[in-house]
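Undergrad: So you can see what is in the structure, the chains are spelled out below.
There are 2 protein chains.
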Amino acid sequence: MRFTHFIFLATSLLLPMKSYSQDIPLTLEDLIPGGKTYYKYRAEMPRQLTWYGENLVYAKGDSLMIAPYTDKEKPKVLLTLADINNSIQIDQSQKPGSLNRVQFVSPQSHLLRIVSGGSIYLYDMVTKTVKAEYKSLEKAENRDWAEGTDYMAYTKDNNLYIQDGKGKEIAVTNESNKGVVSGQTVHRNEFGIDKGTFWSPQGDLLAFYKMDETMVTDYPLVDISARVARLKDIKYPMAGMKSHHVTIGIYNPVTNNTVFLNTGTPKEKYLTNVTWSPDGKSVYIAELNRGQDTCVLKSYNAASGKLEATLFTETHKKYVEPEHGAIFLKSDPSKFLWFSKRDGFNHLYLYDVSGKLIRQITSGSWDVLSVLGFDEKGENLFYLSAEASPIEKHIYKLDLKTGKKIQLSKEEGMHSAMLSASGRYISDVYNSQYNAGKAAITDTKTNKTHIFHSAKDPFRNTKLPEITLGSIKTDDGKTDLYYRLVKPLNFDPNKKYPVVVYVYGGPHSQMVNNSWMAQTRGWEIYMAEKGYIAFSLDNRGTSNRGFDFENITHRQLGVVETKDQMSGVAYLKSLPYVDADRIGVHGWSFGGFMTMNLMLRHSDVFKVGVAGGPVTDWKYYEIMYGERYMDSPQENPEGYKETSMVNRASDLKGRLLIIHGDEDPTVVMQHSLQFIKSAIGKGTHPDFFVYPGHGHNMIGRDRVHLHEHITRYFDDFLK
Amino acid sequence: MRFTHFIFLATSLLLPMKSYSQDIPLTLEDLIPGGKTYYKYRAEMPRQLTWYGENLVYAKGDSLMIAPYTDKEKPKVLLTLADINNSIQIDQSQKPGSLNRVQFVSPQSHLLRIVSGGSIYLYDMVTKTVKAEYKSLEKAENRDWAEGTDYMAYTKDNNLYIQDGKGKEIAVTNESNKGVVSGQTVHRNEFGIDKGTFWSPQGDLLAFYKMDETMVTDYPLVDISARVARLKDIKYPMAGMKSHHVTIGIYNPVTNNTVFLNTGTPKEKYLTNVTWSPDGKSVYIAELNRGQDTCVLKSYNAASGKLEATLFTETHKKYVEPEHGAIFLKSDPSKFLWFSKRDGFNHLYLYDVSGKLIRQITSGSWDVLSVLGFDEKGENLFYLSAEASPIEKHIYKLDLKTGKKIQLSKEEGMHSAMLSASGRYISDVYNSQYNAGKAAITDTKTNKTHIFHSAKDPFRNTKLPEITLGSIKTDDGKTDLYYRLVKPLNFDPNKKYPVVVYVYGGPHSQMVNNSWMAQTRGWEIYMAEKGYIAFSLDNRGTSNRGFDFENITHRQLGVVETKDQMSGVAYLKSLPYVDADRIGVHGWSFGGFMTMNLMLRHSDVFKVGVAGGPVTDWKYYEIMYGERYMDSPQENPEGYKETSMVNRASDLKGRLLIIHGDEDPTVVMQHSLQFIKSAIGKGTHPDFFVYPGHGHNMIGRDRVHLHEHITRYFDDFLK
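Protein chains in written order, with numbering that gives the first Met the number 0: chain A, 0 to 718; chain B, 0 to 718.
Just so you know, these hints were derived from the structure itself, not from any lab. Because the structure is a prediction, the values reported are computed rather than measured. Some clues are possibly wrong.
With a straight-line Cα cutoff of 25 Å, these simulated DSS-like cross-link-like pairs (lysine-lysine) come out [stated by the list, open to error]:
(1) A:Lys231 / B:Lys234
(2) B:Lys681 / A:Lys681
(3) B:Lys462 / B:Lys409
(4) B:Lys640 / A:Lys529
(5) A:Lys652 / B:Lys718
(6) A:Lys231 / B:Lys462
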């Protein structure tokens with residue numbers, strides 16, 4: 000399961016002469032998700048935004064609205080909840096009470112999904128009829144709809160089922176051993192995997208993951224909420240230990256037969272980026288060896304399961320991490336685009352289905368972030384990249400024939416986008432440090448953009464601390480590192496302030512960028528209100544800066560990251576208003592690990608730290624993520640030793656509060672307990688707090704408590 | 000499993016003009032068991048003291064010494080380790096390297112047990128021969144030797160075995176179901192039960208407990224010391240839930256047959272105080288109902304298992320707690336003594352084997368604490384009681400015919416005693432507040448006592464804080480409550496000092512008494528050195544003060560106890576040198592529960608608390624102890640609600656640190672976690688610390704760390 004860490008937005012915008020009528024100071028209830036008044040400080044953006052044909056649709060109250068294309072138009076009502084409820088032929092009690100229960104099926108379809116209790120109805124907006132009905136879904140998880148047919152796949156417990164729109168359940172698998180799981184995500188959500196079922200483009204065949212984890216050790220979690228605590232075993236494969244075995248089945252609902260792809264041995268490998276060929280006859284798999292240094296793209300015959308072709312092999316002495324499947328050209332399904340970091344940045348390469356490289360499509364010292372699709376005739380490719388700035392994300396149009404590239408997104412910031420049914424229009428939703436959020440439509444023929452929604456600054460009545468984005472250099476002077484600095488409210492340059500460094504620093508993250516309020520977390524605002532400076536820096540190892548920037552941490556997680564954070568600290572110390580004797584640090588997950596690195600490797604610098612859900616020794620972490628970045632403990636004993644916080648427990652000098660959820664299935668609480676055990680043996684004194692019943696992150700109301708608790712610790716020992 | 004709490008000795012004795020050459024201040028290493036220099040501050044007393052015939056024997060270096068009876072004699076050498084090793088006919092490698100491996104079998108016997116690795120030898124001191132040998136005992140637990148024969152019983156896993164001195168193992172039970180346990184203690188060590196095997200006086204029959212706990216819920220403990228945490232299920236029956244079923248088998252080694260006593264139904268009851276009749280033909284059982292308000296003494300035929308007699312029934316509207324078996328008269332085995340609290344104090348009653356009460360033997364407003372035995376002819380009974388003072392323990396001789404009673408122990412303090420083989424002599428080992436320890440022999444004919452050892456004050460070179468013993472009245476003015484007050488080192492009556500109250504307060508405890516240094520714990524000395532006042536008080540509910548003093552807490556544990564502790568606080572506040580704004584409290588187990596009662600019921604009084612291994616809600620505690628004092632949750636819902644700290648989490652105002660061992664099998668860590676979960680929900684902020692791998696108490700080196708940790712918390716928030 001991939002590390003997740005909460006990044007929550009809040010804001011700056013310290014305009015002179017602004018008058019603030021209320022909301023000072025903001026509380027944790029205002030600033031932390033789960034807080035009672037948190038909703039008041041979120042920018043208002045169109046809800047349920049989606050394309051319906053060439054119409055960009057969103058929900059507003061009980062109406063589905065069509066966004067205008069030009070200044071001259073107004074939003075139009077497509078349909079209301081009442082329209083649906085008046086015409087839909089289902090039992091009164093099943094009719095949706097809100098548009099939250101209504102989903103568009105796809106831009107190409109006239110169908111809406113109406114979710115009502117354990118049933119789902121497919122409602123045709125044009126004919127105003129119910130086209131299909133799915134029943135008894137109360138326990139159904141991982142619901143996945145086919146396009147082109149009415150099939151829906153879903154899982155219950157460890158088995159996979161389908162319904163065909165007549166409400167009858169058909170079992171695809173019938174496995175009594177709970178250690179064999181079908182239709183769910185595998186490989187702990189690494190390699191871009193976030194689901195376990197894949198309908199063919201025609202919707203007539205269902206590819207699905209089958210994971211045998213019977214050979215993986217049971218890991219005992221304990222749920223103390225019952226009167227007598229209850230065991231909740233999970234399968235948790237640790238680095239260097241036995242991993243699960245994954246295969247891919249192709250189920251044919253007509254014949255009720257399943258064929259398994261002949262992926263062979265070794266059984267311990269990663270079957271990633273399952274992709275159907277456009278004709279629905281082949282399945283492409285990026286197969287990665289357990290060592291994660293060799294990725295082979297293969298295609299299999301969906302009918303026979305036989306290997307059709309081994310297209311190409313990609314290796315890297317550190318690691319290969321395929322995260323995107325083949326993207327077949329709209330204009331020529333015998334060619335596809337492939338993401339690769341082989342030249343040091345994430346770029347697109349054009350291949351034919353024989354595996355022959357035709358040419359590199361994008362290049363430069365920047366990463367392509369994702370592909371949106373093609374225009375009507377497939378002549379132009381649309382994608383998002385970090386080309387304009389490593390801390391921004393923009394929309395590009397690339398002429399596949401000429402190579403001519405146009406930046407479609409005009410304003411600065413972080414853009415996200417979706418294509419209309421035909422590919423002619425692009426929705427553009429974006430924000431930046433001083434822009435709380437805008438929504439626009441871009442016509443890819445004219446490249447013109449019409450903004451149809453601009454969110455008001457939710458903090459317009461609030462005096463906020465000043466937020467600065469900036470960059471420093473790594474210690475070798477070669478690389479830019481971006482930071483965010485939040486000054487205390489009512490900042491006085493002649494005073495000396497304590498600092499809290501908020502750190503994450505792990506792969507697949509970027510905390511500092513030009514998004515709304517520079518992605519400042521609510522807690523940073525809160526600390527700034529209380530008189531702390533909040534500082535964050537994205538060290539090497541993080542995202543959107545190219546592969547070499549990321550993989551420098553290989554086999555030594557935390558070492559270079561810590562060096563870079565110390566460059567940030569050196570910068571802080573150069574500021575006349577920073578009190579160098581009162582520097583603290585806080586982070587969660589990988590950021591908890593980083594907090595401990597900083598507290599233990601630089602025990603004279605950091606006075607106080609709060610490490611949440613920290614990795615303390617990579618040998619307790621899971622195989623996929625762990626072995627990618629650290630190799631196995633057998634292959635890299637020095638690296639594991641060097642990066643073990645458990646081994647450094649004797650170096651603790653300052654005050655370190657460790658926090659863990661006792662049911663954390665991602666970074667198991669054993670990490671914290673092992674560190675504490677080591678510290679007890681060495682005679683040092685970390686502090687500890689536990690959130691019973693919580694997993695890797697504290698969510699809901701308890702998240703407010705968490706931040707009160709963290710804040711109190713800094714107030715106790717750093718203020 | 001009975002609550003255990005560590006009470007460790009240290010000292011006072013602030014004599015004027017004493018010159019101190021060293022050892023100031025004492026460290027936790029000096030004062031806490033497990034500390035590197037703790038041994039330096041223990042009074043030196045005779046090791047392995049035991050009677051051998053009429054000789055009181057002890058180990059000194061490599062010699063077994065005989066203590067002198069008079070001033071004129073000197074200690075004599077009985078035997079040396081070399082004597083044993085030179086004459087014993089066993090393999091060189093098996094010979095003991097120290098007298099720690101040598102044990103006397105009984106005062107009546109010439110035999111020594113020589114423990115060597117997995118073997119034990121019975122060595123005859125007179126004939127200098129090895130009389131028996133027991134082998135392959137590496138995994139043998141609960142070893143129990145017969146008298147009169149060479150049989151030894153022991154358990155491995157859940158089964159019971161014997162050996163007859165020829166080294167051959169015979170299985171008494173052969174049970175594959177791990178939930179059925181034979182030969183071990185049952186009923187979680189309540190009711191005076193501390194073992195599971197009972198040899199007949201002739202050593203030819205073995206009574207043993209068989210406990211079926213298959214119906215008791217598994218409770219999941221997790222051992223995180225392994226690379227992949229490991230589940231360690233225990234059977235933990237919680238109040239009001241299903242309890243285990245106990246039966247008693249009588250095994251005959253000659254026939255290899257087992258007969259079970261016909262104890263019948265209901266199966267959920269307590270079979271306590273297993274006692275053989277002197278002729279080895281009957282077994283007496285004090286059978287207590289699950290409700291613990293009715294105790295029936297029954298005798299069973301050891302050969303047939305049939306009920307022979309129902310001697311008498313004792314009931315009490317609160318509870319009956321039998322803790323001593325029948326004590327048959329030496330002079331007349333048809334009569335026996337029986338302990339009962341029926342008149343409000345623990346006294347001895349004489350019965351005949353038909354169950355007829357002959358007469359009450361002792362009476363008065365004081366408790367008999369234990370019976371030592373009889374003199375040579377069985378005319379005089381020896382026992383320990385609290386008659387002289389509720390905070391002292393003395394040895395008494397009672398003429399069974401005339402009722403004439405003599406106090407044999409002369410000096411004040413806490414005496415412990417053993418009878419010689421004949422019963423003529425009594426060893427008397429005692430200490431008191433200003434006496435670090437003396438060892439003496441009393442001739443029960445002349446009632447004269449010869450002190451043969453006086454320990455030096457181990458703190459003679461150390462300046463110690465002043466310790467005062469005293470008493471106050473309960474709030475109704477009727478009852479004395481004893482307290483101990485330790486003043487800060489270099490006490491200045493004109494200053495105001497912070498206070499830490501150390502509390503236990505649960506049944507079966509007495510923290511304040513006239514023992515060495517008044518039982519002041521090392522940590523209290525340490526805190527006094529740091530400038531705190533340390534205060535402890537034995538509230539109602541504790542021991543040695545009679546049954547009514549104890550059982551006033553019934554169905555409402557913590558309520559009266561807290562009231563009494565607040566009487567102590569009122570007294571503290573009356574002292575001019577107490578800073579009433581800086582009162583803290585610390586306790587463990589029941590004392591952790593009390594700490595939370597004080598912090599939450601009197602949140603304006605206590606600023607800081609440290610609760611170790613606390614019960615936070617009696618519904619998570621076990622059946623035997625829990626239902627005795629609280630009845631079941633079904634019977635006493637208001638009581639459980641009133642005494643639940645979990646329900647009071649919102650009342651937390653001060654700083655409360657909760658500490659728990661994550662493998663605590665007595666008060667499971669769920670108690671702390673449930674409180675924390677409740678506090679999180681209510682928005683209050685306890686602190687927490689965990690000792691990984693520890694049970695109900697932190698032992699060994701980690702105990703020093705624990706007290707550093709506790710101290711730091713008071714230094715952080717109370718100093």
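Undergrad: Could you run down the list of hints and mark each one as holding or not?
TA: Hint check:
no.: 1; hint: A:Lys231 / B:Lys234; result: holds (17 Å)
no.: 2; hint: B:Lys681 / A:Lys681; result: violated (36 Å)
no.: 3; hint: B:Lys462 / B:Lys409; result: violated (29 Å)
no.: 4; hint: B:Lys640 / A:Lys529; result: violated (39 Å)
no.: 5; hint: A:Lys652 / B:Lys718; result: holds (21 Å)
no.: 6; hint: A:Lys231 / B:Lys462; result: violated (55 Å)
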